[in-house]
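From first to last, the protein sequence lines are chains A and B. Positions 1 to 293 (the numbering used here) are the ones given, in order, by the first sequence. Positions 1 to 215 (the numbering used here) are the ones given, in order, by the second sequence.
Bear in mind the hints are in silico, worked out from the structure with no lab data behind them. All the given hints hold, so there is nothing to weed out.
Derived list of chain A stretches under chain B, where covered just means 3 residues or more per stretch with a C-beta under 8 Å from a C-beta of chain B: (1) 113–119; (2) 178–191; (3) 234–247.
Here are the computed lysine-lysine pairs in the DSS-like style, where the Cα-Cα straight-line distance is at most 30 Å: (4) A/155 / B/70; (5) B/162 / A/77; (6) B/168 / A/241; (7) A/166 / A/191; (8) A/159 / A/74; (9) A/134 / A/42; (10) A/74 / A/95; (11) A/176 / B/188; (12) B/210 / A/177; (13) B/70 / A/75; (14) A/159 / A/229; (15) A/75 / B/134; (16) B/188 / A/177; (17) A/228 / A/176.
Cβ coordinates follow ideal geometry from the N, Cα and C atoms, glycine included.
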Amino acid sequence: MLFHDWLKDDSKIILFDGAMGTEIFKRGIEPGKIPDLLNIEKPDIISDIHKSYYDVGSDMCQTCTFGSSSLNLKKYKLEDRIEEINQKALENIKKICPPNSLIVGDIGPSGEFRPPVGNITIEQWQASFANQVKILENGVDLWHIETISDIEEMKTAIKAVKEASKKPIIASMTYKKTPRGYFTIMGDSLKKCIQILEQENVDVIGSNCTIDSNEMIGLIEESVKLTKKPLSAKPNAGQPKIDENYRPFYEYPPNDFARDIHDMINLGVKIVGGCCGTSPQTIKEIRKIIYSL
Amino acid sequence: MSQENLYGEISDAIVNLNEDKARELANKAIDENFNILNVIEEGFGAGIRRVGELWDAGEFFLPELMRGAKIMQDCLDLLIPHLQGGIERKTLGKVVIATIEGDIHSIGKTIVATMLRAYGFEVYDLGADVPAEKIIDEAIEKNVDIIGVSALLTTTMLGQKKVIEILKKKGISNKFKVILGGAPVTSKWVEECGADGYAENAVEAVELAKSLLHI
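Looking at chain A on its own, in the form it has when it is part of the complex (with noise of 0.2 Å):
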């Protein structure tokens, strides 16, 4: 298989993709309140970004799926259109996915927590991940679990996709920075989440979101002393603001956040890509720093 080669090949450096939800809105589309949504009110939106990505040089890009979970989807009273969500957001990235490059199916966190922050149960997660993975299952190359802030409900996750999948999983925990190192906001440790997911034998061991790739550098520095399993990184760029004409916008330069990630390459990451206010622009100049190398 086609990602399990790149992953032994030495020289690749596997580019993902960026964004979504800031470039729906750079098309002056409204993300209202799902964009998972818009798989289905504006499928050629969605399909468009995903090209926008491959053409500038991911290798592979995710479904629009972040947040297609039953779980989450029943906040917004969608859940009964999980199959119809799920199924057009594969259909959205297959009609556009050139040869030789993959579909990666994503996985967002469910929203809810246990106690005593939140009243879920494992049970309850495990069904929700259940419900959305059958129905990926049918078009994805692998997947990308993905801004989960409980090693319990990444483990869950992993659970339900094993379940019905044999296809390599990328595992992404999100970190904030505090005094004392990297942890979730559940307080489960840099070191911590990677043991676990060494047990749980995923394919990658990521990070995305909440931080930027500056912070992120340090994130990969700790991370190849814990493991040597493949690593990805997705950071933010920047934190979001607002402009003068009440459009969000990230401060992070394109050009300086390809730099943070070339030194990330350097320290030894595998898969490189951005999270939330990354752009084609981003990847584009990430794709010339891979080709530089």
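Assemble the complex: chain A is given as a structure, and chain B must be docked to it using the hints.
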């Protein structure tokens, strides 16, 4: 046990997230007829402030913050009926809080609501995805002092400004203090909206609410 020693033990019980011990000490304060207001402020209040400091230091995370605040709230429920003077303790103030319409990110807002309650505010938490008009209607009906509006997305934070615009249009903006929260909110945005303040975290939010009401 002296009242001062009791304060220290209560504060430790909160920081150790020891619910049984905290309740035991609250009951002891009632039995021994200690000054309940001081017990709340200097025992439980000091404890929850230490919890906030541990959060800043990266020692405590969301589960500890929520547990600490819930233990404190349970103990306050025990203590408040026993406040001296035979009158019900006046709340620090009334707050209506919500995540704005279009945004379902409720965790930050819930933490702030929990901490405000823990400190003795009367809080009406309207949940997430709440229209600006509804927030204002509730604020008027409950006669609150503070309106708290949360937004995690740059696309929904415009709704925070809408709340203030509606208040101005109705000519009632001087009746309420409006505070904003959420990752993208900055002091510049607060100024732009004409809000009364914002806080970086739940502990700061409590301090902000107290300072706005001159407590």
